[in-house]
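Residue numbers (our numbering), protein chains in the order written: chain A, 33 to 315; chain B, 33 to 315; chain C, 33 to 315; chain D, 33 to 315; chain E, 33 to 315; chain F, 33 to 315.
FYI, nobody ran anything at the bench for these hints, they're computed from the structure. A few of these clues could be false.
Treat identical chains as interchangeable: a pair holds within one or across any two.
Keeping only pairs whose Cα atoms sit at most 20 angstroms apart, straight-line, the calculated EDC-like set for lysine to aspartate or glutamate is [what the hints assert, rightly or not]:
#: 1; residue 1: 265; residue 2: 223
#: 2; residue 1: 206; residue 2: 50
#: 3; residue 1: 154; residue 2: 223
#: 4; residue 1: 206; residue 2: 94
#: 5; residue 1: 114; residue 2: 172
#: 6; residue 1: 132; residue 2: 122
#: 7; residue 1: 149; residue 2: 130
#: 8; residue 1: 177; residue 2: 281
#: 9; residue 1: 125; residue 2: 47
#: 10; residue 1: 177; residue 2: 223
#: 11; residue 1: 154; residue 2: 94
#: 12; residue 1: 177; residue 2: 118
#: 13; residue 1: 114; residue 2: 130
#: 14; residue 1: 125; residue 2: 207
#: 15; residue 1: 114; residue 2: 213
#: 16; residue 1: 206; residue 2: 97
#: 17; residue 1: 206; residue 2: 118
#: 18; residue 1: 265; residue 2: 49
#: 19; residue 1: 279; residue 2: 122
#: 20; residue 1: 114; residue 2: 205
#: 21; residue 1: 125; residue 2: 171
#: 22; residue 1: 149; residue 2: 210
#: 23; residue 1: 154; residue 2: 205
#: 24; residue 1: 149; residue 2: 47
#: 25; residue 1: 177; residue 2: 47
#: 26; residue 1: 214; residue 2: 105
These figures come from a predicted structure and were not determined experimentally.
6 protein chains.
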Amino acid sequence: MLNKSYDAFIGCAGDYEEAKIVLFGAPFDSTTSNRPGARFGSRAIRRESQALETFSPYQNRDLCDISVFDSGDLTLAIGDTKMVLDSVYEHAKTILSDGKLPFMLGGEHLVTLGAVKAASEKYPGLHIIHFDAHADLRDDYLGVKLSHACVMRRCWDLLGDGHIHQFGIRSGDKEEFEWADKGHVSQIRFDFTGLGDTVMALRGFPIYLTVDLDILDPSEFPGTGTPEAGGVKFTQLLNAAFTVCSKLDVVACDVNELSPPCDSTGISAAAASKFTRELLLAL
Amino acid sequence: MLNKSYDAFIGCAGDYEEAKIVLFGAPFDSTTSNRPGARFGSRAIRRESQALETFSPYQNRDLCDISVFDSGDLTLAIGDTKMVLDSVYEHAKTILSDGKLPFMLGGEHLVTLGAVKAASEKYPGLHIIHFDAHADLRDDYLGVKLSHACVMRRCWDLLGDGHIHQFGIRSGDKEEFEWADKGHVSQIRFDFTGLGDTVMALRGFPIYLTVDLDILDPSEFPGTGTPEAGGVKFTQLLNAAFTVCSKLDVVACDVNELSPPCDSTGISAAAASKFTRELLLAL
Amino acid sequence: MLNKSYDAFIGCAGDYEEAKIVLFGAPFDSTTSNRPGARFGSRAIRRESQALETFSPYQNRDLCDISVFDSGDLTLAIGDTKMVLDSVYEHAKTILSDGKLPFMLGGEHLVTLGAVKAASEKYPGLHIIHFDAHADLRDDYLGVKLSHACVMRRCWDLLGDGHIHQFGIRSGDKEEFEWADKGHVSQIRFDFTGLGDTVMALRGFPIYLTVDLDILDPSEFPGTGTPEAGGVKFTQLLNAAFTVCSKLDVVACDVNELSPPCDSTGISAAAASKFTRELLLAL
Amino acid sequence: MLNKSYDAFIGCAGDYEEAKIVLFGAPFDSTTSNRPGARFGSRAIRRESQALETFSPYQNRDLCDISVFDSGDLTLAIGDTKMVLDSVYEHAKTILSDGKLPFMLGGEHLVTLGAVKAASEKYPGLHIIHFDAHADLRDDYLGVKLSHACVMRRCWDLLGDGHIHQFGIRSGDKEEFEWADKGHVSQIRFDFTGLGDTVMALRGFPIYLTVDLDILDPSEFPGTGTPEAGGVKFTQLLNAAFTVCSKLDVVACDVNELSPPCDSTGISAAAASKFTRELLLAL
Amino acid sequence: MLNKSYDAFIGCAGDYEEAKIVLFGAPFDSTTSNRPGARFGSRAIRRESQALETFSPYQNRDLCDISVFDSGDLTLAIGDTKMVLDSVYEHAKTILSDGKLPFMLGGEHLVTLGAVKAASEKYPGLHIIHFDAHADLRDDYLGVKLSHACVMRRCWDLLGDGHIHQFGIRSGDKEEFEWADKGHVSQIRFDFTGLGDTVMALRGFPIYLTVDLDILDPSEFPGTGTPEAGGVKFTQLLNAAFTVCSKLDVVACDVNELSPPCDSTGISAAAASKFTRELLLAL
Amino acid sequence: MLNKSYDAFIGCAGDYEEAKIVLFGAPFDSTTSNRPGARFGSRAIRRESQALETFSPYQNRDLCDISVFDSGDLTLAIGDTKMVLDSVYEHAKTILSDGKLPFMLGGEHLVTLGAVKAASEKYPGLHIIHFDAHADLRDDYLGVKLSHACVMRRCWDLLGDGHIHQFGIRSGDKEEFEWADKGHVSQIRFDFTGLGDTVMALRGFPIYLTVDLDILDPSEFPGTGTPEAGGVKFTQLLNAAFTVCSKLDVVACDVNELSPPCDSTGISAAAASKFTRELLLAL
């Protein structure tokens, strides 16, 4: 008898019961304002991982030595944003209630809202560390409240003032920056300046880490719907993630906005896949 | 003083007041089940028209001799399907109430629903002639009622049995074909067999012509979200459209599902643009 | 507890024990003489099948009503042709010895040799029906005997004169055509002329059907390493396959030479996937 | 000592002295009105020929049995149309004065003018057989007389009424068609209807055969600056060329308008290369 | 009645009369020596601007607060370089005579010559600050004087010694560098070293700022005809432009050499569009 | 009589007899584990060189002042690794025995093995300086000993401990790093730290310099089979190469792993071509 060969993220084909981390994909991009395609992001990350080693020379650790379960992609109701967010919420909630860490691969950034809701219910006092090129703080986008351009504003609806910590922001409209400056969220423009201080201040709190990969410079990460010139380098992002993971209690995380149709050379999928490996090893 | 040079569809930069036909784009693709990108379709059709002549050697007519107004693309609330359909409906309604023919460029096929609603309110007894590879007759797609896979079923909700006439259908699930076979819609598979008879039977009725360009063979029209091998040729589609326009009273129409990101060579945009010119001249 | 979602060919996620047909991929292209990339063919066929319906309006049959097991892709020793062919041979042999029909997705055409060897051992008197643009009858290619340009010559080494029946051939060097004309193989150039006669003559014999998809016209199937202008249409190929499957005893088959990196629009993967569905239903 | 390996068109690396046909490239596209890139056409045809056989199963002839010299690409003064046309003229003139047949690979269609001038000087009474999607009969394009949209009009300046015979034309502005209809040139729209009669009428005259490959349907030949839906098939073009070459005295010819940057799948370069082989064998 | 929606550069749809800056496109690339396509640059910059915010977090300014008029693209006589340069000259002259600042979007770099001529007529003593990877100082290119490889030499013909200040140059032939070293122009290789000193020295003079975007590293700006490894970063270019605009009297400027067909991922168009926004805000 | 125009690497069309350096291509990629296509690398480097100047502003030297012979690409037996390596070996041996320096353009990295063998026979005590992202130290890859993932291990088989000096390594499996750490090879991770010391220590020894271009960051060099985020910059690589060439006795070298099908924007070919020019001038 033959077995199925199964394309999980490399080194993540273990059992659910034993796993500490559960990886899953949220293939959704219906609210993307510019170029769509992020729905294919999680699949590309998983596939591209086949070209990676399980070993990290950055951390001297190996995926074979930890226990991750990749549950594959969710089947989402493309076209109905609320149903999609409910599916994400339910999946994350199941993982959290089983005492595991949900690690979501987007999809567009809006999917974060479903997972943050689940995490905030289990972990009152949750803080979000948010790496992104865009502030995502609009109250609505052309009248739509559930948009990837509003996701952090919707998370603020859940968590309130002072619980969202943004880094790398280099795009937004005037109102978003003014709203942030009123103290609703903390916001570092362009890079990771002051990340160390933030990490010190958040010790002991439960942390949701959300990484919009378009924080990277488009030269290193072209494959995203809205590339913004002037971003951070891959190694900077890696170090920032290591800082967060080594010092804080990350209870859930996500990596999003890889859009394979915008990634003609494939280097964005490769970078996203490598970053996922490193983040899995750092958690 | 300098004037603006304005990229309307070629030969369609006339005045609204004088125009008999009003062209507009509906840049929406949020319910697309497979590869998104149709939101950029109308813009590509308009741009590619710059490489066309205004003269048709097929009809010996020239766009310069008729009067069309291109109102550009609608600004749509990406992410909220109902708001989008309302915008389409309102725009088509305005055009119809001004005694003009609305000619919509998609976008995904769901936008047809908004325009059909407007047309059916003005023209009771409206019939739809539907050229497509896909039946689009599902009652829902993963629970979503407003999906491009359900658009003809939603139109049936408005028009009832016997008012939808499909040609070229070569894809659908078993339930769709069985439902069609119960007499709710008339359906010709694979090609335009019997179009002449249908046209004879519909003389005198107001007609909405909706053309999903994926009815074309993928060799001639690769740039669409769900290409289906085994389609009709461009000249067959042209002749079918000429038959409908020359014999029937078309009161509104649309051309949809060009997805420029799937059209790496650009031949699909060129074909869509040429078909639009021919349809404008034939109306 | 969560289950894995598994990307088998659509409708082929059943049990091995119950399956009559076993699908598997042979991701190999190391002997490709021109543009490589066929190693990614089977994966693309499987993935693209997610956009297909399980129902065929051509045959009025549904994959849900038959029993196919997709065993995924073989792990092949890229770089060592003999080891690769041994792996293919062993896999096909296991399937055959379990009384099932092996259905291989290439990969380049050379992989056929491993499966033919397994089939010819179980079924003495095996005949090959070969659909292809290229004769593949060279005795060697630049000194290499195990090359995709020689695969039918190597099959002839196993089966001898009169057991290979080629259709659609439109490329080869002078020696290949002269060698064929000596009666070693039967060969129809350009199309399927005389397929009916061949089928009549082969009734009762065990048949291996090998389909090099580059028999299709490059307009319908651009995504292959060596596209040859002037090929057959998808519907012609479909009908030829229906003729073979409905009249003869096909004991094994393969579909090969889809090269996704050469398929920028994706229509080749879509065609290959649809052809696979139809062939599965016809067998 | 080592020799240089030289990428001539396959089978065309012979001596100049012995050659009956001299192949050369004219890498120019500065007057292209839409998408440029034809400057890379000749190089792509030559390169792609490496994937061809020298043998034609259509004609049962082999390039190894005839004598062709490929002189490579001209070095042209990109940006100065007159200098470019002078270079083409001089090169063609040298070949003609050496008693050989010049076979030019474009580049855009305007380069034909230089070669026609040379051929008409040597062969008074020259007729042009012109296969194309576009009439190319404008007197000027935005004020420019030396434009690829005017090339046949400029040839008419040289040859006068009744010496240009167009086939396959499916695009032009109203004035071009009206001008043609006045009898300046003969013109068959859409296909090769009546080619046999034209060939009969031109027996004995010296013929320049110019093939704008965009006469082909964009499905078979997407890689060109201005693709026009509704073209002829490769096999139709092949047969038309065979008819001309077998019955008439072709003294010079060209094949043009392949634009590799528009040919993402490479099938256009492959078709152009194969057509070049067949035309070389048919001459 | 419906209005036209018009795709100007974002935030630049104001009135001509009130505007201080007039944006226009010069879609020309006929003298491009390597890969053409820059003719589509201005259109891509305008289109891509729709994905930008009008607000700059770099300068804390908003396009909504200044007054820019986008007059669209010029209609240029592709194929006749002199006519093209005359059109550019006339357009720039009109803008200058109306007391406004012309801001040209290329097109290839040669179009700068037309605008410089107009600016130098109005502003005697004009200096050019030139950011580029290539020296563009050849006296001719293959005999052609009006070539993008010669544009700065032609500007020197107009302005004489000491009026051209080059930065970032990393490519040229030996003669260009030797000619520059004779003092005809000042030239900084590789980066912006000494820009501060140049700016100090030019205070009070009228300045034409010309930016060939290929000064950027190809990693950040791949979409150009002749990418040169080893360029400057986007943020360096931004800062250099801020330095020039804040300290000097820029009377005209241009941004050129974006070639969309070479920009498969779209990041070059996004960078060019963002740079244009920043330059508009800095002027 | 006409001469052939021959596409050698720019400035390298001299005579073999006079040449000090002989350039040749090894178009092979059959053991590539991930995305193939490196077989087209040498051809792309040669072609792209046509867009380069022969003059280097980095070194103030000109290819016209040195003597290089480009012997073109080898004809390799795709599919048979041993035959391929023998061809490379024989070609390199001929060049070496004629007292010239072989400069090989890959192809995948495995071709280095053939050239190293030839160089080590002529130069006992040969050391390899190895710039790469990947360690390439596996003993086998899926059972295959002759794989590009094993090439440095195979070179170690020839040269023994202490003769291989790796820089820039940022990927490998745990066993490779552990094996290296045992002292078999010296290995610097991530960058060129300590290159100066290595160069000091190797003075007087014959050196083979092998450059896998994927050492570059994927942002600057996306066009390779296995891009690894976090690489070195082009200018860093250039300086490292200058250091090696100016201080050590390089007797042979190669540049490999450019994969044009993975290089949709063409910047990788441009970078490889420029690096080749610089390396030729530095030797």
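message: Please sort residue 214 with residue 105 into within, between, both or neither, judging by C-alpha distance up to 20 angstroms.
response: neither (38 angstroms within a copy, 36 angstroms between copies)
- request: First find the shortest C-alpha distance between residue 114 and residue 172 inside one copy, then the shortest across copies, and answer within, between, both or neither for a cut-off of 20 angstroms.
  value: both (15 angstroms within a copy, 16 angstroms between copies)
query: 20 angstroms Cα cut-off: does residue 206 pair with residue 118 within a copy, between copies, both or neither?
result: Answer is neither; intra-copy 31 angstroms and inter-copy 29 angstroms both fail.
task: Evaluate residue 177 and residue 118 at a C-alpha cut-off of 20 angstroms and name the case that applies: within, between, both or neither.
output: Classified as both; 16 angstroms inside a copy, 17 angstroms across copies.
- prompt: Within a copy, between copies, both or neither: where do residue 114 and residue 213 come within 20 angstroms Cα-Cα?
  reply: Neither: 30 angstroms inside a copy, 34 angstroms across copies.
- request: Tell me, please, which holds for residue 125 and residue 207 at an alpha-carbon limit of 20 angstroms: within, between, both or neither?
  value: neither (33 angstroms within a copy, 35 angstroms between copies)
- request: Tell me, please, which holds for residue 149 and residue 47 at an alpha-carbon limit of 20 angstroms: within, between, both or neither?
  value: This pair counts as neither: shortest intra-copy Cα distance 26 angstroms, inter-copy 38 angstroms.
- prompt: From the Cα coordinates, with 20 angstroms as the cut-off, is the pair residue 114 and residue 205 best called within, between, both, or neither?
  reply: So residue 114 and residue 205 fail the 20 angstroms test inside a copy (26 angstroms) and across (26 angstroms) alike.
message: At most 20 angstroms between alpha carbons: which applies to residue 177 and residue 223, within, between, both or neither?
response: neither (28 angstroms within a copy, 43 angstroms between copies)
message: Reference check for the pair residue 206 and residue 97, CA-CA at most 20 angstroms: within, between, both, or neither?
response: Answer is between; shortest inter-copy Cα gap is 11 angstroms, intra-copy 47 angstroms.
message: Within a copy, between copies, both or neither: which one fits residue 265 and residue 49 at a CA-CA cutoff of 20 angstroms?
response: neither (37 angstroms within a copy, 44 angstroms between copies)
message: Please sort residue 125 with residue 47 into within, between, both or neither, judging by C-alpha distance up to 20 angstroms.
response: within (19 angstroms within a copy, 31 angstroms between copies)
Hint check: violations occur at hints 2, 3, 8, 10, 11, 13, 14, 15, 17, 18, 19, 20, 21, 22, 23, 24, 25, 26; the rest are consistent with the structure.
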